[in-house]
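> Take a look at the letters that make up each chain.
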Amino acid sequence: MTYDLVVIGGGPAGVAGALTAAQAGLRVALVDASVRLGGQYFRHSADPRPAPGLGRFLRQARALDRRADVRLRHQVWNVTREPGGGLTVHATAPDRTAVPLAARRVLIATGAYDRPLPFPGWDLPGVLTAGGAQALLKGDGVLAGRRIVVGGTGPFLLPVASGLAGAGARVLGVFEANGGLGLARHPLLALGKAGEAAGYAAALARHRVPYRTRQAVVAAHGEREVEAVTVARLDKEWNVLATRVVECDTVAVGYGFVPQIELGVQLGCRTRQDVDGSPVLAVDAGQRTSVPGVWAAGEPTGVGGWRLSEVEGRIAGLTIAAESRAAGSRAPESRALEGRTDESRTDESRTDESRDAEGRDREGRDGEVAGVLARRRERWRAFGEALQHAYPVRPGWQGWLRDDTLVCRCEEVPLARVREARDLGATDARSIKLLARPGMGWCQGRICGYAVSCLAGEPPQPPRRPIAQPVTLGALAELTDDDPTTPPLT
Amino acid sequence: MTFHITIDGRPVPVTPGQSIGAALHAAGVRSWRSTRFGGRPRGLFCGIGVCFDCLVSVNGRTPERACLAEAAPGDEVTTA
Amino acid sequence: MSDVIVVGAGVVGAACAYYAARAGLDVTVVDRGSVAGGTTGSGEGNILVSDKEPGPELDLAVLSNRLWRELAGAHGGTGAHGHAGASGQRDVPGHGGADGGFEFEAKGGLVVAETPEIQRQLAELAAKQDVEHAVVPAAELRDYEPELADDLAGGVFYPQDAQVQPMLAAARLLRHGAESFGRGTLHLRLGAAVTGFVRDGDRVTGVRTSRGDVLGDAVINAAGTWGGEVAALAGVALPVLPRRGFILVTEPLRRPLIRHKVYTAAYVTNVASDSAGLETSAVVEGTQAGTVLIGASRERVGFDRTTSVPVLARLAAQAVALFPALRDVRAIRSYCGFRPYCPDHLPVIGADPRAPGLYHACGHEGAGIGLAPATGHLLAQVLTGTPPDLDLRPFRPDRFPEESS
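Residue numbers (our numbering), protein chains in the order written: chain S, 1 to 490; chain E, 1 to 80; chain F, 1 to 405.
Quick caveat, the hints were computed from the structure, so don't treat them as lab data.
Where is the CB? At the ideal position from N, CA and C, for every residue including glycine.
Please note that the accuracy of each hint is not assured.
[As the list claims (entries may be wrong)] Just so you have them, the derived chain S footprint on chain E, three or more residues with Cβ under 8 angstroms:
{"no.": "1", "stretch": "10–17"}
{"no.": "2", "stretch": "20–33"}
{"no.": "3", "stretch": "39–48"}
{"no.": "4", "stretch": "52–61"}
[As the list claims (entries may be wrong)] FRET-style restraints, in silico, Cβ to Cβ:
{"no.": "5", "chain 1": "E", "residue 1": "Gly60", "chain 2": "S", "residue 2": "Ala93", "range": "17 to 25 angstroms"}
{"no.": "6", "chain 1": "F", "residue 1": "Pro256", "chain 2": "E", "residue 2": "Thr78", "range": "14 to 22 angstroms"}
{"no.": "7", "chain 1": "S", "residue 1": "Thr97", "chain 2": "F", "residue 2": "Asp150", "range": "19 to 27 angstroms"}
{"no.": "8", "chain 1": "F", "residue 1": "Pro137", "chain 2": "E", "residue 2": "Gly38", "range": "41 to 49 angstroms"}
{"no.": "9", "chain 1": "F", "residue 1": "Ala149", "chain 2": "E", "residue 2": "Gly60", "range": "20 to 28 angstroms"}
{"no.": "10", "chain 1": "S", "residue 1": "Asp403", "chain 2": "F", "residue 2": "Arg189", "range": "26 to 34 angstroms"}
{"no.": "11", "chain 1": "S", "residue 1": "Asp95", "chain 2": "E", "residue 2": "Gly38", "range": "52 to 60 angstroms"}
{"no.": "12", "chain 1": "S", "residue 1": "Arg185", "chain 2": "F", "residue 2": "Arg327", "range": "55 to 63 angstroms"}
Start from the sequences, fold in the hints, and give me the full structure.
In structure tokens form, the structure reads like this:
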């Protein structure tokens, strides 16, 4: 069986893209590693609390569940172009067996993850990424700690801090390394999101959480877990001016986001440098990558938040559906699904937006809808780019490191060995990796890659990870009998 | 509603739907692995399946990411 | 002005530079990229005598094996990784475990046979090779490798087979060359792509690079898989072609599952094959970092880096067949590289009579790490007018018929 579309990633971009395509009658599968749809932004527990936009997302997710083959707890480790021109999305199931999904088209909606910067003690238990602390709270209803320090850069620190404070943690401070102007002049205000910024400001004020700009967590201290941090006042380039020690049991840090693009890189998709230097997948107005049959939406095309992700997903779904129709490539089986699509037409769960995207008369309206969506996309993209401009990573952080500070947590590579590799003739991040092993471990450089690039003095390169997720040799060996097949739709 | 898993034989309460990593962290168990060279303690870091710091052995299987593994009643977690 | 310019900072270029510097020559190494950025950076670091038919390549391998041990002993230290010694392997004989700073490990190689007939052939080959070995009956295989599958017919153990971390080996040889024989005798010029040659009449007197001319009395072409392109810049033909190989890397294991380098007899025939099509054979070994490396595939597909899932699947299947315990172990990475392949599977080593002043040290296919020191040592002998320890005629650059170039 071949899917018209396999969507990789179940966040706002992936769900919007999959739903749009499924509503247009395509046979769609969506694969995600988590136990529930949502991605990072709409991560929710088994018994979700209300959150902005979440209700709508959950309705979309339920609608998608009826119209598509949603495979949760599946990890995609490779996407391959087959000799016949089709694509195979190689996933592993929760029981670790191989699940190859044959697809005519693929939508990469793999999101992004926190960009951490190393500092002394950052590998002590109790030091989490900001997104990690957020995920614990939203996904599991667990407070990361009792006395929490939040640090890093970017507007994401605000919801993390106010979420933790609102759930009962004592947030000892939000230390924003950029933005000398303070919360009252936060770029969110200038970017027309005054309500959101004011809401966070009010929440922080209510819980007496200090918000300090040009300050950062530059060291964590403790024996078996974090017991205190050193907070530094910084100059414009993030060099340390003065320090003080703050006792705490938990640290949540994040310096922006890293888009997950390795599946696109595997397929040979062209990349471009985003505002902050991150490699992202280059896409056209229809969210097509440079590789035929491969679309991308959301953070992999440039970090811009969930609203941008959702609209990109919808545009991708529309252009995929249009091309699928044009190619006449709808599989006979997919017609069986149409009945279900029609049945669910009265479904109250559908949003106005999703109704826009379907209907027998949609052919005539595609252009119009796409125009509206395109304008919305431009607006949110400009917003995302403005935030990246406002919250860059400044080079002074390298001065926070000591010789024995681990740069690579997996292979336990301290700064001294990175320097030694440079001294031995490693002139770029790749050869530093070859000589000193940062990035050769479990995470394949997802965590240390940015830091190593900075230490090498080059912008981060598109990540080469032919095996994007661990796969057992047994599961890999199962694939020797080629011909990707999938169990029937259940 | 809650059920229990064990870590090295000690019971840890779980709210249904929680990941093993979240349940351990909530119970005050913040590290459950030590690194292979430096013996450094490790627990949750990224919390979303990216960093692999939270690797844990469940029911004798080869290590998996505690932040991605949903806890099931009776799961036996062993530290290394 | 240097005595010698080495083009290529891979392991072969590094060894050439090291031995030239050791012989008292002033050396400049140029590379378009970084140290060990080409095929060296994709290698497993094999130093094998076991996989070679008797003949000039085996002679080179035996000499090289001795030189690697010398290098590891002479330069002592532990690897830059600093975690060495966890694997419980035997120490380097006579060197107290010194690893040269590049994780030298005399782990020994075990070639295994699937059938009694293959076992007989392996034993025959071993007898002809005249290198240290032990024929291992099926019943004793597990004394060597406890996790081996139980349906094998036997094997041959080669204690001299060894391994290094190839990138560190190249980097350390360059460093030792610069430091041990008087600072200033070995210069590195990285990020300089060779764009042509400086000539004085016929004679090669230097290289033109993207970062300026570098002059020298002799130029050594150690550009590996790209050696043919460099030779062409000097107007001479050298048929070096890429032969792609993939390697799977597993998660780091707490306890070493595999003690030696273990491979099946099919590896020997694949190495020697001329086929352009895909050939795979199981080559499995543990590393000091705790991972298991799984090879080996060979195919001639140009410089295509696209990952081939069917190749990875075959490598996995063969490794699991050899070591069933690997079934539940996860692959966490893979990478590919391009072996510099010559039609007769022999490297090109020596002066090029077609371009006086130009010497070649390339085309070592999958054995470049292993053969590097001997290559560097022999060329240093040639450059200093010393009779070489081995007959270099089988490796001469102008041995190929014109049509194959």
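> Now look at each hint and say whether the structure bears it out.
Taking the hints in turn, this is what the structure says about them:
Residues of the stretch 10–17 of chain E with a Cβ under 8 angstroms from some Cβ of chain S number 3, which satisfies the need for three, so the listed coverage holds. Residues of the stretch 20–33 of chain E with a Cβ under 8 angstroms from some Cβ of chain S number 6, which satisfies the need for three, so the listed coverage holds. With a threshold of 8 angstroms between beta carbons, the proposed coverage of the stretch 39–48 of chain E by chain S holds, since 9 of its residues qualify and at least three are required. Under a criterion of three residues with beta carbons nearer than 8 angstroms to beta carbons of chain S, the stated coverage of the stretch 52–61 of chain E is upheld, 3 such residues being counted.
Separated by about 19 angstroms at the C-beta atoms, Gly60/E and Ala93/S satisfy the suggested range of 17 to 25 angstroms. Evaluation of the 14 to 22 angstroms hint for Pro256/F and Thr78/E yields a pass: the beta carbon distance comes to about 21 angstroms. With their beta carbons about 25 angstroms apart, Thr97/S and Asp150/F fall inside the hinted range of 19 to 27 angstroms. Between Pro137/F and Gly38/E the Cβ separation comes to about 43 angstroms, which falls inside the hinted range of 41 to 49 angstroms.
Restraint check, Ala149/F to Gly60/E: a C-beta distance of roughly 23 angstroms satisfies the suggested window 20 to 28 angstroms. Judged by the Cβ atoms, the range 26 to 34 angstroms given for Asp403/S and Arg189/F holds: they are separated by roughly 29 angstroms. For Asp95/S and Gly38/E, the hinted distance range of 52 to 60 angstroms is not satisfied, since their beta carbons lie about 33 angstroms from each other. Checked against the hint of 55 to 63 angstroms, the C-beta distance between Arg185/S and Arg327/F comes to roughly 59 angstroms, which is consistent with it.
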